[in-house]
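Using the sequences and the accompanying hints, generate a full structural model.
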Amino acid sequence: MLASYGAKVAVTAPTLEEAQEIVAEIGEAGGEAIALSADPADVDQIGRMIRSAAETLGSIDILINNAQGNLRAADSSRTFPESEPAQWTLLLDVLLQGTIATIRYVLPQMIERRTGRIVNLVSVAGVSGLQGAPVRSAVEGGIIALTRSLAMDYGAYNICVNSIASGAIRSESDPDSTIGGSVFGRTGTPDEVAKLVCFLCSEEAGYITGQNYMIDGGCTLGPKEE
Amino acid sequence: MEMRLKGKTAVVTGAGGRIGIAICSRLAAEGAAVVCADLTRENAEKAAETIRSAGGCALPCRVDVTRSDEVRLMAETALGNFGSVEILVNNAGGSAGLFRRLSRFENTTEEIWRRVIDLNLNGTLSCIHALLGQMIEHQYGKIINMSSVAAEKGILDRVDYSAAKGGILSLTRALALEVGQYNINVNCISPGMIAGAAAIPHQGTWLGRSGEPREVAALVAFLASDDSGFITGDNHTIDGGRVLGVRFHPRKEK
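Chain order of the listed sequences is A and B. In terms of the numbering used here, the first sequence opens at residue 1 and continues consecutively. In terms of the numbering used here, the second sequence opens at residue 1 and continues consecutively.
Hints in this document: simulated from the structure, not taken from any laboratory. Glycine residues also receive a C-beta, built at the ideal position from the N, C-alpha and C atoms. Check each hint, because a few of them may be wrong.
[Said to hold, decoys possible] From the structure, some residues in chain A lie toward chain B, with a derived Cβ separation under 7 Å:
1) Pro-108
2) Ile-111
3) Met-152
4) Phe-184
5) Phe-199
6) Gln-211
7) Met-214
8) Ile-215
9) Gly-218
10) Pro-223
[Unchecked claim] Straight-line distance between alpha carbons at most 25 Å, and here's what the computed SDA-like set of lysine to any residue pairs gives:
11) B:Lys-153 to A:Val-127
12) B:Lys-153 to B:His-138
13) B:Lys-6 to A:Thr-189
14) B:Lys-6 to A:Val-193
15) B:Lys-153 to A:Pro-223
16) B:Lys-6 to A:Ser-202
17) B:Lys-46 to B:Arg-214
18) B:Lys-153 to A:Thr-189
19) B:Lys-153 to B:Gln-134
20) B:Lys-153 to A:Met-152
21) B:Lys-6 to A:Ala-194
22) B:Lys-153 to A:Ala-194
23) B:Lys-153 to A:Gly-129
24) A:Lys-224 to B:Leu-177
25) A:Lys-8 to B:Met-1
[Unchecked claim] Just so you have them, the derived chain B footprint on chain A, three or more residues with Cβ under 8 Å:
26) 61-67
27) 153-167
Written out as structure tokens, the structure reads:
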């Protein structure tokens, strides 16, 4: 959707094939994109990837940290007292350190050019906690706190940093996966999240910074049971 | 400009203020017919005229939101003219500064805090109550309430205002729970340090500038559109990061 609004997009994924698939879709729709890959747990690879993106595109004005998929299982495959450090490290490395590293390498050229938008995507777990996912909740809460601190530090350079906490969003592979929770009796769609991302990246949202915007159909409202 | 609100009718209270006019203009520019409601006829006309001169559709309406009979009349006028109201923006409000009575709470009077709570909290409740029934009937509605950073953080000399805005934030959450099943979204916005027409440099925000009314209006339009259909019951702060972080309050000697 960012591409449809005219942005040149560097699509990054753990494997180049995944990224290329999305770039092909953007191309078919008339947008402009390049594919890059990095292991989200490898800080050096992230640094090289960002440099390569900046060189190819000229500059990076917008950074969307959306690497969060496929990790839900890492926290919930075993109960917390039975969990192994390797499980936590995966979440800490990919989600928290990956987000920190990506921002670290994108920021200098945003500071230099005195413009930038950073949007970090997390889930409601980081705001309200999530049963069976203590480490993921901690990591996402960390990303929200990171967002607020960065907003203070780099606001003077006209860089806005915000996070989005999503609730049950329908996945394309499993459209009926999670319906519960929303006051609307439906799940959200990836398109709806994309609309919010585009709004926060638009020129019009330039006074919004350090905020966490929820898109959860109200699933965090109210007490545990009626 | 995208026409996301084509065919919709919006009621905006406090329409004649600097943020109110920006909201009215933006909603109209995106295709909505706008009922410009304000305490004075002059201000209501001013907002409506701004819309009309840009080619939009507007209806001025004088209303004191603290009077439920006048609010009901406003709803009847809106429905009589446009048939239905899909969007309600509860923008009327203000602190005791409106009548030059800001003070430490120890020095305030019951008359002052009742006025402030009436204007902000009861005014919002009245307007919602007057228009909610037909939204439920049509299974569609977007309610946007103006809260404030005072709700979550408190502001000196505005204990009553902070309480009223906190009430608006809480009613937003509870109402969102009740009416989600009717496809009605309820959200609130907390603006901070919004200047007149254009942003001015300001040390009070982390961005180093004040906000513009048009920026608040863009957020209102987003929340009033179907782009935000899965967003409900939340507060949306737009303040240049004004209330982030820790403040070190110097201890005053007595």
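Restraint satisfaction for Pro-223 of chain A [CB to CB of chain B, less than 7 Å]: Violated, about 10 Å.
Take the C-alpha atoms of Lys-153 of chain B and Val-127 of chain A, compute the straight-line distance between them, and say whether it is at most 25 Å. The hint holds at about 18 Å.
Are the Cα positions of Lys-46 of chain B and Arg-214 of chain B separated by 25 Å at most? Distance of about 17 Å is within 25 Å: holds.
Given hint Pro-223 of chain A paired with Lys-153 of chain B - CA-CA distance at most 25 Å: Within the cut-off at roughly 23 Å; holds.
Compare the distance between the alpha carbons of Lys-8 of chain A and Met-1 of chain B with 25 Å, and conclude whether the hinted pair is satisfied. With Cα atoms ~21 Å apart, Lys-8 of chain A and Met-1 of chain B stay inside 25 Å; holds.
Given hint Ile-215 of chain A near chain B, where the shortest CB pair must fall under 7 Å: 5 Å, holds
Given the hint that Lys-153 of chain B pairs with Gln-134 of chain B, does the C-alpha gap stay at or below 25 Å? 35 Å, violated
Under 7 Å, Cβ to Cβ, is where Gln-211 of chain A needs to be relative to chain B, so tell me if that hint holds or is violated. With Cβ-Cβ at 5 Å, under 7 Å, it holds.
Hold the hint about Ile-111 of chain A up to the distance rule: shortest CB distance to chain B must be less than 7 Å. 14 Å, violated
Tell me if the interface restraint on Met-214 of chain A is satisfied: Cβ within less than 7 Å of some Cβ in chain B. Nearest chain B Cβ about 4 Å off; hint holds.
Between the alpha carbons of Lys-6 of chain B and Val-193 of chain A, is the straight-line distance 25 Å or under? Between Lys-6 of chain B and Val-193 of chain A the Cα gap is close to 22 Å, so the pair holds against 25 Å.
Holds or violated: Pro-108 of chain A as interface residue toward chain B, Cβ cutoff 7 Å? It is violated, given that the least Cβ distance between Pro-108 of chain A and chain B is near 19 Å, above 7 Å.
When held up to the earlier numbered hints, the structure conflicts with 1, 2, 10, 12, 18, 19, 22 and 26 and fits the remainder.
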